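Student: Sequence:
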Amino acid sequence: MNNQSNQIEQRKVELVPHQPEWFDLANQEAALIRSAFPKIISAIYHIGSTAIPGIKAKPILDFVVAVQDIRQLDEEEQTFQKLGYTAKGERGIPGRRFYSKDTDGIRSHHLHAFQEGHSEIKRHLIFRDYLRAHPEVALKYEQLKERLAKRFPQQSGSYTEAKTEFIISLDETARRWYKQRHSSPDQD
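Add 1182 to the 1-based position in the sequence shown for the working numbering, that's all there is to it.
For the record, the hints were derived by calculation from the structure and aren't laboratory data.
If you're wondering where the values come from, they're calculated on a predicted model, not measured in any experiment.
Be careful, since some hints might not be right.
Calculated pairs, DSS-like style, for lysine-lysine (alpha carbon to alpha carbon, straight line, at most 27 Å) [claimed, not checked]:
no. : residue 1 : residue 2
1   : K1322     : K1332
2   : K1270     : K1194
3   : K1283     : K1332
4   : K1361     : K1345
5   : K1345     : K1332
6   : K1221     : K1264
7   : K1332     : K1304
8   : K1264     : K1332
9   : K1238     : K1270
10  : K1270     : K1221
11  : K1345     : K1304
12  : K1322     : K1264
13  : K1304     : K1221
14  : K1304     : K1322
15  : K1304     : K1270
16  : K1283     : K1221
17  : K1304     : K1361
18  : K1322     : K1238
19  : K1194     : K1322
20  : K1238     : K1345
21  : K1221     : K1194
22  : K1283     : K1361
23  : K1194     : K1345
24  : K1270     : K1345
25  : K1332     : K1238
26  : K1264     : K1238
27  : K1264     : K1345
28  : K1283     : K1304
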């Protein structure tokens, strides 16, 4: 991995109202990706703010992808390029392969790929599901994002970094919520 892939990208931060078509577009893109890697990808999930109904988001479709063997993706760079994706390496998360795609010169997609069983897969899904189940918390997240977008209008990396503390705190709340929902009455 080269140093350039470790650098924080700085792009315009634009939040737009939730678009119902994001779900259909995500399903179409997921099907395209799955068909390109039928023997490698075991699951693909729409995550991020575009997967949370009712809140503003950067118009970038985010996906978490589970694969049988993460090393297989390293041999598929040409296939990703044919789909319009650029490999960005781990980008600070060990075991991840990160890919981005631009449409008409504007960032439109992110793929976060992990080997099956990696804790980040479940973390992303729990975070998404918690916000879907708690619209009042999703609204607080939206309000934070709006403040940060005004503070960092041309600095997407700084915008993302400034959300970290809130996300870490929310991750813990979401994990407790998930554990309560998925534990039997006999468990502590």
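Student: Decide, hint by hint, whether the structure agrees.
Tutor: Status of each hint after checking the structure:
A threshold of 27 Å between alpha carbons decides the hint, and for K1322 with K1332 the separation of about 16 Å falls inside it, so the pair holds. A distance of roughly 19 Å separates the Cα atoms of K1270 and K1194; the hinted pair therefore holds under the 27 Å criterion. Taking the CA atoms of K1283 and K1332, the gap is about 25 Å. The hint holds against a cut of 27 Å. Only pairs whose Cα atoms come within 27 Å are accepted, and K1361 paired with K1345 is accepted, the gap being roughly 24 Å.
For the proposed pair K1345 and K1332, the alpha carbon gap of about 13 Å is at most 27 Å, so the pair holds. The suggested pairing of K1221 with K1264 holds, with an alpha-carbon distance near 17 Å, which does not exceed 27 Å. A distance of roughly 31 Å separates the Cα atoms of K1332 and K1304; the hinted pair therefore is violated under the 27 Å criterion. As the CA atoms of K1264 and K1332 are separated by approximately 35 Å, the hinted pair breaks the 27 Å bound.
For a cut-off of 27 Å, the pair hint linking K1238 to K1270 stands: about 26 Å separates their Cα positions. For the hint pairing K1270 with K1221, the CA-to-CA distance comes to about 22 Å; that is within 27 Å, so the pair holds. Of the supplied pair hints, the one linking K1345 and K1304 holds, its CA atoms being roughly 20 Å apart against a limit of 27 Å. Between K1322 and K1264 the alpha-carbon distance is near 38 Å, which puts this suggested pair outside the 27 Å criterion.
For the suggested pair K1304 and K1221, the alpha carbons sit about 22 Å apart, so the restraint of at most 27 Å is met. For a cut-off of 27 Å, the pair hint linking K1304 to K1322 stands: about 22 Å separates their Cα positions. Between the alpha carbons of K1304 and K1270 the distance comes to roughly 22 Å, so the proposed pair stays at or under 27 Å and holds. For the hint linking K1283 to K1221, the alpha-carbon distance of about 22 Å falls within 27 Å, and the restraint holds.
The hinted pair formed by K1304 and K1361 meets the criterion: a straight-line CA distance of about 12 Å does not exceed 27 Å. Using a Cα cut-off of 27 Å, the hinted pair K1322 and K1238 holds, with the two alpha carbons roughly 11 Å apart. Straight-line distance between C-alpha atoms of K1194 and K1322 comes to about 22 Å, which keeps the hinted pair within the 27 Å bound. A C-alpha spacing of about 15 Å is found between K1238 and K1345, which places the hinted pair at or below 27 Å, so the restraint holds.
With a C-alpha separation of about 36 Å, the suggested pairing of K1221 with K1194 is violated against the 27 Å cut-off. Restraint check for K1283 and K1361: the C-alpha separation of about 34 Å exceeds 27 Å, so the hint is violated. A hinted pair counts as satisfied when its Cα atoms are at most 27 Å apart, and K1194 with K1345 qualifies at roughly 16 Å. For the suggested pair K1270 and K1345, the alpha carbons sit about 21 Å apart, so the restraint of at most 27 Å is met.
A distance of roughly 14 Å separates the Cα atoms of K1332 and K1238; the hinted pair therefore holds under the 27 Å criterion. A threshold of 27 Å between alpha carbons decides the hint, and for K1264 with K1238 the separation of about 30 Å lies outside it, so the pair is violated. Straight-line distance between C-alpha atoms of K1264 and K1345 comes to about 33 Å, which puts the hinted pair past the 27 Å bound. Proximity of K1283 to K1304 is assessed by CA-CA distance (about 23 Å); at most 27 Å being required, the pair is judged to hold.
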